[in-house]
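So the sequences go chain by chain: A, B and C.
Numbering-wise (our numbering), the first sequence opens with residue 1 and increments by one.
Numbering-wise (our numbering), the second sequence opens with residue 1001 and increments by one.
Numbering-wise (our numbering), the third sequence opens with residue 2001 and increments by one.
Do not rely on the hints blindly, as some may be mistaken.
[Stated by the list, open to error] Computed cross-link-like contacts, DMTMM-like style, restricted to lysine to aspartate or glutamate with a CA-CA straight-line distance of at most 25 Å:
id: 1; chain 1: C; residue 1: K2127; chain 2: A; residue 2: E72
id: 2; chain 1: A; residue 1: K49; chain 2: C; residue 2: E2165
id: 3; chain 1: C; residue 1: K2063; chain 2: A; residue 2: E346
id: 4; chain 1: C; residue 1: K2226; chain 2: A; residue 2: E276
id: 5; chain 1: C; residue 1: K2063; chain 2: A; residue 2: E711
id: 6; chain 1: C; residue 1: K2210; chain 2: A; residue 2: D275
id: 7; chain 1: C; residue 1: K2127; chain 2: A; residue 2: D118
id: 8; chain 1: C; residue 1: K2210; chain 2: A; residue 2: E711
id: 9; chain 1: C; residue 1: K2156; chain 2: A; residue 2: E68
id: 10; chain 1: A; residue 1: K49; chain 2: C; residue 2: E2173
id: 11; chain 1: C; residue 1: K2063; chain 2: A; residue 2: D275
id: 12; chain 1: C; residue 1: K2063; chain 2: B; residue 2: E1310
id: 13; chain 1: C; residue 1: K2127; chain 2: A; residue 2: E656
id: 14; chain 1: C; residue 1: K2159; chain 2: C; residue 2: D2171
id: 15; chain 1: A; residue 1: K49; chain 2: A; residue 2: E68
id: 16; chain 1: C; residue 1: K2226; chain 2: A; residue 2: E711
id: 17; chain 1: C; residue 1: K2127; chain 2: A; residue 2: D70
id: 18; chain 1: C; residue 1: K2063; chain 2: A; residue 2: E276
id: 19; chain 1: C; residue 1: K2127; chain 2: A; residue 2: E68
id: 20; chain 1: C; residue 1: K2226; chain 2: A; residue 2: D275
id: 21; chain 1: C; residue 1: K2127; chain 2: A; residue 2: E122
id: 22; chain 1: C; residue 1: K2226; chain 2: A; residue 2: E346
id: 23; chain 1: C; residue 1: K2210; chain 2: B; residue 2: E1310
id: 24; chain 1: C; residue 1: K2226; chain 2: A; residue 2: D221
id: 25; chain 1: C; residue 1: K2159; chain 2: A; residue 2: E68
These are computed hints drawn from the structure, not numbers from a lab.
Letter by letter, the chains look like this.
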Amino acid sequence: MSPLDRRQFIKVTAVTGTAAALAACGNPEHQIIRFIPEDDLVPGVATWKPSYCPLCAAGCGVVARVMEGDAEVFRNGQAGVMRMALAKKLEGNPDDPVSRGKLCPRGQAAIQVTYHPDRVAEPLKRAGERGEARFVPIGWDEALAEVVAQLDALAAAGETAGLACVSRPRGPLRAALVARVLEGFGGRAPVAWEAMGDDVLRRANGVSFGSHAMPMVDLADSRYVMAFGADFLGTWHAPVTFGVGYGRMRQGRPGVRGKLVQVEPRMSTTGASADEWVAIRPGTDGVLALGLAHVMLAAGLRQASDAGRAGAAIAGWSEGLSEYTPARVEEITGVAAARVERLARELANHPPAAVLIGGPALAHTNGLFHALAVNALNALLGSVGQPGGLVVPPDVPAPASPAGLASLLEAAPTVLLLDEANPVFDAPPSWRVAERLRAIPFIVSFGSFIDETSAFADLILPDHSFLESWVDAPPAGSDSSPRVAGPVMRPLHRTRSMPDVLLDVSRRLARPLAGLPETFEAFVSAAAPATPASASGPSRARATADAPAAAAWAPPRFDGEAGEFPFHFLPYASQNFLDGSLAHLPWLQEMPDPLTSGMWSSWVEVNPRTAERLGIAQGDIVEVRSAHGVLRAPAVLLPSVGPDAVAMPVGQGHTEFTRYASGRGVNPLAILAPLTDEATGMPAWSATRVQITRAGSGDGSLILFAGATRERPDTHEGR
Amino acid sequence: MNRTLDRSLADDLVRPLFHTSVWFYGLALALGTVVASGLAAWGYQIWNGIGVTGKRWPVFWGFYITNFVFWIGISHAGTLISAILRLVNARWRRPVTRCAEVITVFALMIGAMFPLIHLGRPWLFFWMAPYPSSRDLWPNFRSPLVWDFFAINTYLLGSLLFLVLPMIPDFALVRDRSTGLRRRIYGALALGWQGTTKQWHRLEAAMQIMAIAILPVAVSVHTIVSFDFSMAPVPMWHSTIFGPYFVAGAIFSGIAALIVAMAVLRRALKLEAYLHPMHFENLGKLLLLMSLLWVYFVFAERLTVWYGNEHSEMSVFWTHQTGNYAPLFWTMVACNFLIPFPILALRKLRTIPGVVFASVTVLIGMWLERYLIVVPSLGHKALPYSWGTYGPEPIEIVIMASTFGAMALLYTLFARFVPIISIWEMKVGQHPHRHALPEEDEEAAGLWRVRP
Amino acid sequence: MPYRWGMAVDADRCTGCEACVTACHAENNIPTVGPEQAARGRAMHWMRVERYVEGDFPDVRVKFRPVLCQQCDAAPCEAVCPTYASHHTEEGLNAQVYNRCIGTRYCGNACAYNVRFFNFFNPVWEKPLNLQLNPDVSVRGVGIMEKCTFCVQRIKAAKTVVKAEGRALRDGELQPACAQACPTSAIVFGDLNDPESRVSRLARSPRGSKLLEETGAEPKITYLAKLAWDESDAR
Ligand SMILES: Nc1nc2c(c(=O)[nH]1)N[C@H]1C(S)=C(S)[C@@H](COP(=O)(O)OP(=O)(O)OC[C@H]3O[C@@H](n4cnc5c(=O)[nH]c(N)nc54)[C@H](O)[C@@H]3O)O[C@H]1N2
Ligand code: SF4
Ligand code: SF4
Ligand code: SF4
Ligand code: SF4
Ligand code: SF4
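If we strip away everything but chain A, and leave its shape as in the complex, we get (with noise of 0.2 Å):
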């Protein structure tokens, strides 16, 4: 440093004239001041207990730092302050395989569940119309005991079959008790309803890798990775854990840094980290995965062999694809032939390299046949199982028939267990989910919050949180064996665990339930490392059904003619409300967006060109069309979408899901097309176009954080 820099200067004078003045001597900073914060903390003593984030599919270890406080609950029929250990925050388990250390900020947030100022503190009865949502408080007892007397009417009448339960994906051991009491009460096999889910992937890997699990990628020995439409450092199934391996690919090895290419037509989060951005047409990404194989088979890279059962499920697959030139893929994927040779070469000549697909690349008409081209590509790569390759996990069930949901409810069932699935929300629109519900004689929800969906509820029977029950996470990676924790803080209202209450309600039948455990705690601690598979119901013989015919290259449909609806309309999962499920968390509702920066709101993302043909400044409200629906919402302007394309995150919109979510934005997924994913039926949410106009100047409603998109923005823009 300059012996007297202008700073020190200043200070010098200042502090010389306030030294003299106080005729204090020594470092004249420190004089001054006789307090300073750290010596005014006195840390609290926290004890650190395990258990797994619900909020995702992917179930991160956490652990949570308890400390003691002073907590209003109601004990023994009487409300009072009690101290009570309580959890405080959550990291991520160091020792746990998911998370490893880490959380996302969805993770972060999970502790507000438990705190939710809208919790949902006892059970209630409805007291209004189906889907008002107007409850009043009944006691357990009464509860349970109408709970008993349907389930009793049930199975006086020979109807068993009329009991039938939707949850949102749960840790194994959990659905498998649930299973088991539905199947010893003879009602129908629980179905798992999640609006954005990997089932059209879990299919694929099954026909071409004979497991219907989760692909992982070694992303910390990998050298290239491509991802189709997956946004695994964002949303997808394990964001945490591919976090964990990015870090380590960018930079964990001395002098070598991965590859990631991006294929997208909307840039995701991942999208945005990729070293590079390949922009597709919507619905073509399996021909671009097949031209790469084209052009590394017709180069001698690799030979169409090596990508045994998986390059089988693919049409022309042996005779080296002859249909994907590049030209070819040119044509219909708009990504040039030159291109796809230079992506192709790289691809094959920086092994390990994996292959991803996911998300919205398998939301088309033809899903299916761009995840077996992927997988067949990873398997020509060679890398499937090898250190910095794809990891194919051992095999899990099976997801249940195509849309279970939608046969569910077509079946119309008498009694409805539901656990947290809210598909009034996040369904199609096409499977009339409210209508139907409507026609259901008897609903029990066990959520922990009055959405769409418990709103048509008869009885809420709340859960515990995840921080006041035993739970379980599904296996990690290779690891087979289930990981459970048990709770972390006592409960704070009247509530009851959602398994113990079924397996209270079987011993209180007429004709109580055998073979059951006592409680979901002996349950888990019973469960052997290998029982969570066995306990899910028949599972293993499913090798033949899954493999069709090989798989060839049908263009997508899309819903609405390209002259009136000009535009695809691309939903996506939010980074922080995922499909929607987490738009009650005040945190993640005030957490900037990470690319619009937007907070508490819902936008469309239109291309900067789009807009100022179409007259739509940022903050405009645009009106979005579809051929089954409208909606309005601000427009965020970004060149991350397509001049062709406009972009929705799915989330907002939520007419009843408490305080923070209530009334907010809107629900991109109302106005999708019924269209399916014709191999495997689940809904392709990617397939909808849309016509948009200008419908007015800003409502306020589009909150940014940021003031600027870039970082030497012309004059005008910000704010």
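With chain A held as given, fit chains B and C with the ligands onto it using these hints.
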């Protein structure tokens, strides 16, 4: 002749003290209401928090600091001008000095309120002041806000003395013309003034010292106010030109405020005989000079920024020139230069209405200038992700309006209780041959001597 | 030798996921202000992930840059604070004494990074969200400034532990909440006085630079540049 003239002059000038019209009560009540609404608004803001204003991240300063700088600028009307005019012994100054000095004192009082109104926790304002506390905690003398504290208080104290000293003989005059309680109050205020030669000598010497001492204080005050900005690494704040630029702007707006105040007084108190077109014309010339100086500073500031082409400064530059703030910027240029320049430059237009009109536009323009210094820069700092904008909420407008009300109220009250034109200085002025010391002339001195 | 806390942020690792943003809220009792106030620019994110878009479709690139208090060694926010509420500690932290702040917001202007946030209103935690508050961190009231503290409560706790155990602090043992959460380990925290600590080594990296170094604030956070891929990288 002189004697009668003196007498009528005194009659004229003390009349407002003895004859109160209904208008006065009406006006005082109306202005009092405006001020009270401002105080109520401030109370509401203290109770709820600064969030009731339009301030936000990252534009943490807004209307209040704008008004702070504006009013401190206005305060340069009085003391500074009157001191200069005193020192150069400009004769035409006599009817002008007191109304000018009063502006200084009141504008300073109002201006100094704004940093307090602006505080997040105004009840702890005294932590900015050095006082011995049990923790031995002193304010941070490195902070320009602490410099402000000293500068403004010094200027306020100095200006108050500068105002009050020459009021003493006039208080004595009023004392002698009144009875009862009024006599006792003005008697106390007159501090035992008897008009002795010694007293005149002392007064004159004190005025001379004050006039010299107050000049550097006045210059330093607005320089230090400019340091509030230029010390922070904020684009288009961090500039060495700010000291003189602020002082020039302050004098500019100060003169404009003085002209407007004089015009109002002239009308309201029927002082046409004392405030002549010549006074307005002379002040108008001063205003013209300051307008040219102001334009020069604005140009010099902008030229260097533009030439330097540093990106965060350029973003502020362009937002002024062609961006969101361009309408305000060009209005400011019109108000401070394009409109007043021709009016003030052409003798034909330099009439009382002309000069007053020019002054009003200058006041508007100078307010806008302060706003344009405070807000766009804070909204366009170096990291564009953190850019933001600001607009005032109604409460800020109410509080701002109430300070204009407060100025008018204080002025009205002052003119009601104190001769707004320095009577003795006028008398001295009417005896040009004894302009030096009144008591040199026995007769004149006798005029002032109080009969026992 | 006293500690001198510093940080390195690796843009080549950062994915813009914002786990750090939420982690900081959870650790430091940062309130949410709600949609109305957020729309009025009152949202508080001690840690924010700046996003800059470059180029046009289809050649779009995005840069993420986590921005938090840079714990400047010549911090202008300290010089301008009239009450020493913002001041420097012996360990090089820019500390904020909430009690001492009178809310001039001058520091917020002086900070070139715009990382200081003001409590425009009293914060609200709808019951029972208050139960989640970290007892080691004071809750700030209306009218005061707050900002990233480098999780000073964790620093204090770690120092207490090592003192009790009579040993030196191990590199990496102490992590602020953002670094602990960050999946990609883009954030590295540690003692700059220990030349062998990870953060010291990263601070010497040729990829490293300081943000807005030209303002002369002597920021203590090293930003490691994002690299462009070329064939040789993957060998
Ligand atoms: N577990 C447990 N808890 C207890 C007790 C117990 O025995 N066991 N005892 C209880 C009893 S009896 C008491 S009195 C309380 C004491 O509880 P506290 O009052 O919290 O006691 P200390 O920790 O001694 O002091 C608090 C802080 O004051 C700071 N301090 C020291 N001198 C000064 C000063 O001049 N000015 C300022 N501002 N701060 C200063 C110290 O650095 C310290 O961080 O604890 C109660 N709590
Ligand atoms: S990825 Fe995030 S939301 Fe999913 S389990 Fe892990 S921490 Fe929870
Ligand atoms: S980053 Fe800003 S708040 Fe932090 S020390 Fe530097 S100037 Fe102060
Ligand atoms: S807002 Fe508080 S910390 Fe900032 S300068 Fe003012 S008193 Fe100091
Ligand atoms: S160091 Fe701590 S306070 Fe600072 S941003 Fe990270 S988590 Fe927040
Ligand atoms: S948590 Fe890490 S990777 Fe995610 S945004 Fe923050 S610094 Fe970047």
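Here is how each hint holds up against the structure:
no. : hint                : verdict
1   : C/K2127 <-> A/E72   : holds (9 Å)
2   : A/K49 <-> C/E2165   : holds (23 Å)
3   : C/K2063 <-> A/E346  : holds (24 Å)
4   : C/K2226 <-> A/E276  : holds (13 Å)
5   : C/K2063 <-> A/E711  : holds (9 Å)
6   : C/K2210 <-> A/D275  : holds (23 Å)
7   : C/K2127 <-> A/D118  : holds (9 Å)
8   : C/K2210 <-> A/E711  : holds (16 Å)
9   : C/K2156 <-> A/E68   : holds (20 Å)
10  : A/K49 <-> C/E2173   : holds (19 Å)
11  : C/K2063 <-> A/D275  : holds (11 Å)
12  : C/K2063 <-> B/E1310 : holds (21 Å)
13  : C/K2127 <-> A/E656  : holds (20 Å)
14  : C/K2159 <-> C/D2171 : holds (13 Å)
15  : A/K49 <-> A/E68     : holds (13 Å)
16  : C/K2226 <-> A/E711  : holds (15 Å)
17  : C/K2127 <-> A/D70   : holds (12 Å)
18  : C/K2063 <-> A/E276  : holds (13 Å)
19  : C/K2127 <-> A/E68   : holds (17 Å)
20  : C/K2226 <-> A/D275  : holds (10 Å)
21  : C/K2127 <-> A/E122  : holds (16 Å)
22  : C/K2226 <-> A/E346  : holds (21 Å)
23  : C/K2210 <-> B/E1310 : holds (18 Å)
24  : C/K2226 <-> A/D221  : holds (19 Å)
25  : C/K2159 <-> A/E68   : holds (22 Å)
Hint check: no violations occur; every hint is consistent with the structure.
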